[in-house]
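Student: Given chain A's structure and the hints, the job is docking chains B, C and D onto it.
Protein chains: 4
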Amino acid sequence: MVVNVNQKEIRIGMVGYQFMGKAHSHAYRDLPFYFDPKIKPIQKAIAGRNEAGVKEAADKMGWESYETDWRRLIERDDIDVIDIVTPNHTHAEIAIAAAEAGKHIITEKPLALTVEEAEQMYDAVQKNNVTHMICHNYRFAPAVQFTKKLLDEGRLGKIYHFRANYLQDFIMDPSFPLVWRLKKEVSGSGALGDIGAHSIDLARFLVGEFKEVVAMMETFIKERPVGEMSGGLNATSDNRTLGEVTVDDAVAFLTRFENGALGTFEASRFAGGNRNKNKFEINGEKGSIRWDMENMNNLEVYFTDDEPGLQGFRLINCTEELHPYTEAYWPAGHIIGYEHTFIHLVHEFLNGIAENYQPAPNFEDGVKNQQILAAIEESAETKQWVNV
Amino acid sequence: MVVNVNQKEIRIGMVGYQFMGKAHSHAYRDLPFYFDPKIKPIQKAIAGRNEAGVKEAADKMGWESYETDWRRLIERDDIDVIDIVTPNHTHAEIAIAAAEAGKHIITEKPLALTVEEAEQMYDAVQKNNVTHMICHNYRFAPAVQFTKKLLDEGRLGKIYHFRANYLQDFIMDPSFPLVWRLKKEVSGSGALGDIGAHSIDLARFLVGEFKEVVAMMETFIKERPVGEMSGGLNATSDNRTLGEVTVDDAVAFLTRFENGALGTFEASRFAGGNRNKNKFEINGEKGSIRWDMENMNNLEVYFTDDEPGLQGFRLINCTEELHPYTEAYWPAGHIIGYEHTFIHLVHEFLNGIAENYQPAPNFEDGVKNQQILAAIEESAETKQWVNV
Amino acid sequence: MVVNVNQKEIRIGMVGYQFMGKAHSHAYRDLPFYFDPKIKPIQKAIAGRNEAGVKEAADKMGWESYETDWRRLIERDDIDVIDIVTPNHTHAEIAIAAAEAGKHIITEKPLALTVEEAEQMYDAVQKNNVTHMICHNYRFAPAVQFTKKLLDEGRLGKIYHFRANYLQDFIMDPSFPLVWRLKKEVSGSGALGDIGAHSIDLARFLVGEFKEVVAMMETFIKERPVGEMSGGLNATSDNRTLGEVTVDDAVAFLTRFENGALGTFEASRFAGGNRNKNKFEINGEKGSIRWDMENMNNLEVYFTDDEPGLQGFRLINCTEELHPYTEAYWPAGHIIGYEHTFIHLVHEFLNGIAENYQPAPNFEDGVKNQQILAAIEESAETKQWVNV
Amino acid sequence: MVVNVNQKEIRIGMVGYQFMGKAHSHAYRDLPFYFDPKIKPIQKAIAGRNEAGVKEAADKMGWESYETDWRRLIERDDIDVIDIVTPNHTHAEIAIAAAEAGKHIITEKPLALTVEEAEQMYDAVQKNNVTHMICHNYRFAPAVQFTKKLLDEGRLGKIYHFRANYLQDFIMDPSFPLVWRLKKEVSGSGALGDIGAHSIDLARFLVGEFKEVVAMMETFIKERPVGEMSGGLNATSDNRTLGEVTVDDAVAFLTRFENGALGTFEASRFAGGNRNKNKFEINGEKGSIRWDMENMNNLEVYFTDDEPGLQGFRLINCTEELHPYTEAYWPAGHIIGYEHTFIHLVHEFLNGIAENYQPAPNFEDGVKNQQILAAIEESAETKQWVNV
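Here the protein sequences come in this chain order: A, B, C and D. In this text, residue positions in the first sequence follow our numbering: the first is 23, and each later residue adds one. In this text, residue positions in the second sequence follow our numbering: the first is 23, and each later residue adds one. In this text, residue positions in the third sequence follow our numbering: the first is 23, and each later residue adds one. In this text, residue positions in the fourth sequence follow our numbering: the first is 23, and each later residue adds one.
Hints are not guaranteed to be accurate.
Copies of the same chain look alike in the list, so a pair counts if it works inside one copy or between any two.
[Said to hold, decoys possible] Straight line, CA to CA, 16 Å or less: simulated EDC-like cross-link-like pairs of lysine to aspartate or glutamate:
(1) Lys82 / Asp52
(2) Lys149 / Glu122
(3) Lys60 / Glu377
(4) Lys180 / Asp195
What the hints contain is simulated information worked out from the structure, not anything from laboratory work.
Isolated chain A (complex conformation) (with noise of 0.2 Å):
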C-alpha cells in the first residue's frame, strides 16, 4: 500500500550553500522526520553564482532545483521563503527584495555589515508582512532552550552575572589563507560578528537588553596569504601574496545589562585547543548555570536552597522527554548534536508562519545585535563606554 502524505507545504528557496547553506538544508530534510510541522518544508531551490558548484549541492542536499542567480528564486512564484547563507554582506540586498517580494526570510548572522543596512532590512520586512528569522541557532540547543525556562520561571532569581566565551583556534595558523571571513568589507567584523555576536544574542536571550559596552578588539595576525575568498573553515592556500586581514582576530567587552547585571564577554579565533568552545555561565540570586556547547547535551545547575551539605552543580544530561524538543529524538542520555540546533530553529519558523506569529530571533533582535556590535566596535576604536 502505498503511503500518502496530505500535508500543507511550504516551499524553501536558499541563496548560498557552504557551510551554513549545508545546516539549513539538513534541517528542512530532518524536521518532518522528528517533529510533525504545521508545514511541510519542500526544498524547492537552490542558488548559486558557480553552476557546477550549485548544481552538485542542489543534488548532494536534496533541492529539487537550482539557480545561478540569486534574483531568480525571488522571482519564482513557486517560493515561498527565501533563506540566505550568503556571506554577510549580500544579506541586506537580498533580504530587501525578499521582503519586497513577499517571502518569509531565514537569514545568517550577523543580519548586515552595518545597523543602518540592518534597519532598511527590518523595515522591509515589516512594511511587508513577512515572517523573518536570524539564525542564531544556539539558542535551540535543548540545554539553553531548558535555561531560558528555568530562568522564565524565576528560578535564578534577579541575575548578577553572565560571563561568555566563544573560543576558536581554527586560523592560528599564520598560513591560514585570507578568506572571506578576515575582509572587513565581506564580514563587518571578525571574532566579533561571526561569534561574538551568538554571544551577545544569548545573553539577550537569557539575561535582557544591554545598556552599555566597553572593548578591546585586536587582529594579532595582520597580514596572510590570499587564498580563495571563498573558502570554508578549513581553506588552505599556497599563494605567497599576503593580504591585510582587516578584521578582529579577537575581542573582549564587558557589559551592564538594563536589569543591573554584569556582562563579560570574550570572542577568540586565538584560543589553541578550543576548537568551538561557546559557553556561559550565569548567576543568579538563587543559583547559577553554566553551558558548553561542545558538550551541548550537558547543563550545569547549581541551586543556593539546595540541602546543606549536598550543594553543588547538578550535571543534567538534557535529553529526557520532558527537556524542549527532545521528546522527538530519543531515549535519555542518547545524545544530538549541533545540526539540531537548526532543525529546533526552522521548527519554529515554520510555526511561526503556519500560526500566523512572528518568532524570535528575529530581524528585530537582528537590529539589536548589531546595535551592540556597532557599538562594541565603537568602543574599541575610541576607548569609551558606548551606551547601546
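Tutor: Leaving out everything else, chains B, C and D in the frame of chain A:
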C-alpha cells in the same frame, strides 16, 4: 533547472518500527546527505502487524509503502535489503526467510535468543551468499573507530585491561511495566543481551576474542505490572496485575581474552543517574584510552611515552576532518550524536554490497557474541568459569 | 607571656619510617593544630634497623628519640602506642608483642600475610584489652565519611551496586625493580593486598559484609631486576639480575554482599595514566554516589527523587563546615589532600583511647578484610566462587 | 637515643591570628617536616589585642609566647621576622615599623589601602635592607609553578590571551553581616583587593606587566546587618541594625599587557556554587594552559604541535616527583591542598633570607599590584581606560 540524480539505488524493506526502526530509518534518510554512498538507499517499504501504526510510521519516517505482514516484504521483488528491528525472538525466522529469498540483511542485536538460532541464521546468510550485518552501532562512533585505528597501529602496545560499564536506570521504578524487554521468551535476556551485548561487541572489536568468563546476574525487582507488551523504553502502566520478570536487571562478568588481557564488565538497568552510560577504558603497555557514550564525541587518550611531567589523558574532541567519518559533517568542535552511529553502520553495509565485501559486525560476530552471552548465562547459573 | 599547655599526652612509638611512616608522623604532628584531641600525641620514639636512616628520619619527622630494634620500643615504659608501618610480613610479630606489653596499636594494612596471623593479632589485642586500628585511611576522606552518613540516613535506600577500581601505573616499566611489594613472602600479595584491600575496606564500610567472591589474578611481568628491597614506590635499579615477581600485578573480582548488593572490583598496577585512581560508585534505590581519590574533595551525588528535568549528579566540594572533619580546616572551596586522611584516622584512634571505645577500622576489620583477600586468592587459584 | 638537631634557626613573630594567621602558622609548622629549609622557623610569638583570643591561638597554633600589642613584637630582639596577617588598613604601619627595626617581613595581600601607602612600605624595606614578601600564595601551587616553567621555556610561544575568574559566593545571603572585609576604610576594596588581587598577581607572574585597564565594579547588596567586625568568612549576625557596604561585591576588567596579550578578569562574591573558583586560562601561539584552584593539583595543557587527531587538553595531575615542590610529599596521584601553597611561599621566603636574595612576590610586586588595583578603581569611577 531541475536536479537530475543518476545514482545506483538499493531498495530497503524494514520489519518493525519502534525505537530502532526510527534510528535505522533516519540513517537511510541522512546517509546520502552526508556521504557519497556507492549505492543510494531507497526506503521502499516497512512492515508491521498494526496497520494504523505501521501506516503512520511509514508516513512519518519516509517509507514509500507499508505491509502488515513481514512475509510480504520478502516476497516483493522490489526489495533488495531486509532490515530487522523487531523484538529478539523474531530475528531468526525473518532473517532466515530473507536470506533464502536472496535479500541482504541488517538485524538488530542480539542476533537471536540462542546460539543455535544464531548459527542457523549465519548458515542461512552464508549459503545464500547475501551481505549481512548486526547492528552494534556503537562501533561506529568516530571516537570508537579512532580507538580501533590507534590500537591497530599498535599505539597502545600489548593490552592489559579492558573494563566496560553499560549502565542505565530506566526501569528502576517498580511501577515500570513488564515490557517485552523484561520477558525472557521475547528478549532472550535482560541487561545482558540488551546492553551488555554492546560492551561485548566493543571488547571483541577493540581487544579480541574472549577465552573464558565468570558471571553473576541478578533480578532486583522480580514482579512488575503487566503493561502493553509493545511498550518502548518509556512505557507506563496502570495495570495492577503483576507478572514475573524473567530476565536479569544486572549482570557482571570477568573475562580473560585470548591475547591475555583481563576484562571486567558490568551491565545494569539499576544504576541511578546513569541514563545511557556506555563506557570503557583500555589499558595497554604504551597507553590508555577512555570513552563514554554520553559524551561520545570525546576520547581520552594517554601515552606512557609522553614527555615526563606532561603526561596526562588528552581530552580529544573527535570532530576533526581526520577523525573517522567526521569529514562528512561540520567543522571541528561541532558535535554529532547518537543517530550518526547508525548512518555510519548503514554506510558500511551499503559499501559492502557495492564493493562486494562482507562488512562487520556481521552474523559471524553475532554468533560469537551470542556464544559469549550463553557462556555468561551458563556461568551465572552454574557458578563456574565457562570457556567460550 | 609564655604559652602554657596542660593537655593529657599519649606517647607514640613508631616502627618503620618509609612512605607510611611519613604519613603517620605527619598526622601526629598536625592533629593538635587542626583538631582538639582529648589527648595529645607525643612523637616519642621511632625504630628502624639502619641507624643512619632511622636517625635522619627521627630528626626530619619530629621524633624525640630512635631505636635500632623495635623490641626496645615495646620495652620502653614511656611509650603508650605502637604504630607499625613496616612491610607486611612483620606486622604480626610486632603487633602481638605490643599487645602483650599493653600498648595500643595502629598498624598499616593489610593486617598480616594470612588469615591465621591476622586472627592471632586480633586475639592478642582482645586479650590484652588494648585499643587497635588498621590504617585504611581512605575511609577518613571527608567525602567518604559524608557518603557513610548519607547511607546511614538511608538517603540511597536499598543498595544495588558497588563498583570500585583502584588503578595505578607505577610498576609498568619492566625495569622497575623487584621491591618488597613484589615478593609474596614479604607483602602477602600484590595489587590485591596493597590497593585492592582499600577498596574492600571501603565496600565493607559503606555497603556491608561480603558473602562470596570470584576472582582472577594476573602477573603481567614475571621477572624484574633485583633491586634494593627496601626501595619505595619510585625505586630504580641497575641490577641486571632478574628475580621472580611472586605477587599479582592485577586482580579483578565479583562479589555478592550479604545485603544482596552486587560488587565489582578491580585493582591494578598496570593501568597507564591512573596514578592513584581509587574510585567507587554506589547505586541504590534512591540515588547514586561517586568518588575518586584523585579529586578526593569532590563527591558526586544523584537522587532519583530530584525534580524531573533537574536530575543529575551534583558535584559537591566537600569542604564546607558541615562536612565531616572539614570545619577544622579552611573556608569552603579550599581543598585538603591525601595526608589529611591520616590526621582524621589518628584523631579517631586517640578519641577511642580517651573515651574508651574501640574505633574502626580495627583489627576485627583487618581480619575480615584478610578473609576476603584469602577468599579472592583461593578463588583465583581454584577458579571457583568462594564463600567468605 | 635522643635526636639532636643543629640547624640554624629564625624566629618568627606574627601579628594577627584569624584565617590567614592559621594558614601561616601551619606553614611554619610543616615546612621543616617536608622540606630542608636552610634555616628553621621558630614560632616565637604571636600578637593580638584580645588576650584570651591570642592566648588560645598561640596555644592552638604552636606559638611559644604571645603579646597583646604588636609593637612589643617589634621591640623584642628574639624576633627576626614579622609576619602580618591583620586587616589591610594596618599593614602599612606595622610593616614600616618592622622594617625600621630591621625585621624581615611577610605580609598578607593587598599590600596596603593605597598606592601611596604601598610605596612607603616598599621604601621602608629597601632602606632597611630587609627581606620582604607579600602573600600571593597561589603562585606556589605546584601546577602554577609548573605553568611558569613551561612559559619560561617558551612552550606556549607568544601569549595572546589570559583570562581569569575568581568567583566566590560566601556573602550572597543578604543577612551575612557587615564584616571588616566589606568596609572600605579597613579593607581598601572588596572582591577586587581580596580575590581580584590574586588573579592580578597570577597574571603578572605568568604573562607580564599590565599596560592599561578598563573596569566596572558593583555592590549588589548595599546594606547589611552590623555584625562582629572581627568576624571571619563564616560570620553571622542577629543584629538588625544595617550598615553601608562600602566595597565592591564584584569587579570585571579588561587589560592590555605590555607584551600585547589581552587580559579579561572577573572577581565576584556573588557567583553561586563557586566556593573558591580561582581559575585561569592562557592561550599562546603554541598552546594553552588551564588551571582551577578547586582542583589545584590538576593542570590542563594543550600543544598546537601535538600530532593531528591526537590534539587535546592533557589533564596532568601535578603530583609527580618532577613537578615543582611535589617531591617533598607523596607518590604521584596523592594530592596536596590549599595549605601547602603557604608552605612553599614560606620556604621561598626563608631561602631568600638564608641565601641573601630577594624572593618574589615581594613589596615591589605589592606596589605594582596596588597600582593596578588603583587603576581599576579609577577606571570604574571615571569610566575611562586608565594607564597603569
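Student: Give a verdict on every hint.
Tutor: A quick look at each hint next to the structure:
no.: 1; hint: Lys82 / Asp52; result: both (14 Å within a copy, 11 Å between copies)
no.: 2; hint: Lys149 / Glu122; result: within (8 Å within a copy, 65 Å between copies)
no.: 3; hint: Lys60 / Glu377; result: within (8 Å within a copy, 42 Å between copies)
no.: 4; hint: Lys180 / Asp195; result: between (43 Å within a copy, 13 Å between copies)
No hint from the list above goes unmet by this structure.
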